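The sequence shown begins at 1 in the working numbering and counts up by one.
Hints listed in this document are in silico derivations from the structure and should not be mistaken for laboratory results. Each statement offered as a hint is correct.
Quick list of simulated restraints, FRET-style, between CB atoms: (1) S54 x H10: 13 to 23 angstroms; (2) G202 x D127: 33 to 43 angstroms; (3) S12 x D100: 25 to 35 angstroms; (4) G118 x E55: 34 to 44 angstroms; (5) S250 x R86: 34 to 44 angstroms; (6) S241 x S124: 21 to 31 angstroms; (7) R145 x A209: 39 to 49 angstroms; (8) T113 x P181: 29 to 39 angstroms; (9) S272 x P251: 27 to 37 angstroms.
Nothing here was measured: the structure is a model prediction, and the numbers come from that model. For each residue, glycine too, the CB sits at the ideal point set by N, CA and C.
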Amino acid sequence: MSIVVGFGPHPSTNSGLYLAAQLARTTGDELVLCCIIQSLAESPAMRDPAGIDSEWQHRIQEAAAEALAAARDRLPADLPVTEVVRSGRSVPAILQREGDARRARVLVVGSSTSGPLGQISLGSTSDRLVHSSSLPVGLAPRGYRPGEDTVKRVVLAVRPGHSDLALSDEAAALCNWLAVPATLVTFAVRDSAALTVFADQGVFDSWRADAVAAQQRISDELEQSGVTISRVGVLVGSRWSRTTEQFDWSPGDLLVLGSSEHAPLARVFLGSTATRIVRTSPVPTVLLPRRRRA
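Construct the complete structure from the given sequences, taking the supplied hints into account.
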């Protein structure tokens, strides 16, 4: 088993590298540093039979080697790593293939530098991964530096209803792989005026009851798989940032979300609600694919 972290020959952020190292330190699994060179040369229309671009290829290979060396220097000396350089037209597809070949437990990428510090912002590669990967995808906030050497707790975001029950097996496997307890929480946004109306009609009480019931079902399944459940909760705010701010985040937390119920089977697919939660999360996030239950 391994953890594969992907980056380019000119990385602008190290957040994904630090998250991958934290996961490797937690589990003892192999850490694979995968420097990916996006190349159009494999396209027949872009081939260069005269070898005009050979100098460019040489320079980009040198840049990849330098990026790998710089990444290794940022990691603890006692953390074993494997370094690889891959090239191709599609960066997400290359990372997926490397993950499959390495039996990766998770593919890790950093945030786009266009997003705010301390939050997760999807770039072209990460956006494609969270809508197509067959492996769990780890996302690190921009500027992430772990406050703890290892992951200490999984914070599992649960939706009301029965849809997330299908993710119990994946969530249990992740918690047991990390050897950490889980906290179950449901995040929601409700306009204050709507809350008053819903409260009068009993709608909000019914929604909360559904959320608590969903948490209990998943909690029971996780406990049957040997996962310790530390606590559960339902948090509601007037907007997503205020909702996630209510949670008592701690160093070493890892937010975990499941794919949309409309996702292709055995693929990660980040739904609209999960996207909003991810973008306001102050901690790293892992997105789980939705698989068919036995």
